[in-house]
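2 protein chains.
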Amino acid sequence: MRSVTKDNITEVFMGYLSDDTDPRMREIMGSLVKHLHGFAKEVGLTHEEWRAGIAFMEGCAGIESEDRHEFVLGSDVLGLSSVLGPFHVSGAPPLEVGGDMKRHYGGPILLAEGVIKSTDGTPIAGAEIDIWQTAPNGLYASQDEEQDTYSFHGLMTVGDDGRYAFTTVKPVEYTVPSDGPVGDILRACGRHPRRPSHLHYIVTAPGFKPLVTEVFPDDDPYLDQDTVFGVRNDLVMHYDERPAEAFPEGMALSGKVNEPFLHVAFDVTLAPED
Amino acid sequence: MRSVTKDNITEVFMGYLSDDTDPRMREIMGSLVKHLHGFAKEVGLTHEEWRAGIAFMEGCAGIESEDRHEFVLGSDVLGLSSVLGPFHVSGAPPLEVGGDMKRHYGGPILLAEGVIKSTDGTPIAGAEIDIWQTAPNGLYASQDEEQDTYSFHGLMTVGDDGRYAFTTVKPVEYTVPSDGPVGDILRACGRHPRRPSHLHYIVTAPGFKPLVTEVFPDDDPYLDQDTVFGVRNDLVMHYDERPAEAFPEGMALSGKVNEPFLHVAFDVTLAPED
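Sequence order for the protein chains is A and B. To convert, note that position 63 of the first sequence is 63 in my numbering; the numbers rise steadily by one, no gaps. To convert, note that position 16 of the second sequence is 16 in my numbering; the numbers rise steadily by one, no gaps.
It is worth saying that the hints were derived from the structure and are not from the lab.
Note that identical chains are pooled: a pair holds if it fits in a single copy or bridges any two copies.
Below are the BS3-like pairs computed for lysine-lysine, each with C-alpha atoms no more than 25 Å apart in a straight line:
hint: 1; residue 1: 209; residue 2: 6
hint: 2; residue 1: 41; residue 2: 209
hint: 3; residue 1: 117; residue 2: 209
hint: 4; residue 1: 256; residue 2: 170
hint: 5; residue 1: 34; residue 2: 6
One chain only, chain A, in its complex shape (with noise of 0.2 Å):
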């Protein structure tokens, strides 16, 4: 097509792509340039503001790291993520059942603990659970020179019953990195940097689709306004306080605790594969 015009550029686009090109890529691309040309003719957009998005993603291109992923924060603080669910961090090291993930850290004790089950409502034996969160100056360990790689992480098989359980410090809520071009659109947008505490589950098990999910207190000041959109209602749990001498036998921490703890069940349910 020679005439190029505002009006006919997403089929000219779509006119390029090759009869062999991959359906799925022609998918993906047809539906990103309509939505990105609309994007551009609805709302008029002009040469400053093309080159302020340019600017943005090249100030993210300039702080880019292996220890800071702001195109991935752009995706969550834009809702982006959000609407795929939220996303894994692999690595973590072993944790036996009952162990106990706070190790020399202070702060409320939590105990974590519930049933990963079929939807049958079967125990799945072997599962396992990457559990991970961050250190109660709201870090998480990749972010964090002071903690060590795998420092709040654990990944837990689980038995024939399978139940997990684990120990660690309440989880706090923290603020996303907001010193780079994502926290120049957060300020712009008038929204704060902060996300509700939780902990982060990811669970697989063989035959059944892998769950990553959140949980949340249900005493957080930020549970109605993340600033990455994590939290669903049946995310939110109650970490209820029980005293010193309740706490269970069979747990790394067992006889040494001696304040009272928190506690909260969440039950993982798993589908089968198709």
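Based on the hints, put chain B in the right spot on chain A.
Same frame as chain A, now just chain B:
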């Protein structure tokens, strides 16, 4: 909003904007996320595809530099820049009316000329025309260590008759950089990275809206498939061949042309400012 789902994410996003958010920012972000979420939902974007998108951004980031603008190129080949119009590269050295831009470079001599006028046909005295093109090797000065910084760039101020004129070599078709993530996209779509040959003009005058345009020769094989979607019918001109003895007086090369040369006439009309 607590329970964010695929169905309410766009609405929740808008609810997070503060009341005093700049109205244009609100308009742009609202349209942007509507289309972003719409895209992801329409194609049912998977985690793996999202990761490929993030990897694309990070790949662009990895090669972005002062001389390699991969995000701009991405905007170009997706047709976004074309929705807005082409963009200017600033910093050209002065070129007198009738001057020569080809200097020591070989190749078919092209004499380009025309009148810069207002919509009522009056020549605009003192208008400026900023001219640039690739060298005969298909590279812009900014892409080519062999060229001076402003090789094949010139900034001309026209006299009372509004006439511009200069000699150069006939531009060649060229390829946009295709060794980066944008090149990967082109290949995945079965697209070539070629642009038809053209001269770039940006024309400005006090009291008139600036005009950024390109002039294409009508014999270029890539007119119907410009990989950055820049061609418009009214920018495609015939370059006619004239004998050496027809070369006019008053040009820097007058008396020095011993072979047939090409000639293109292209008047530029500027619209008054509002």
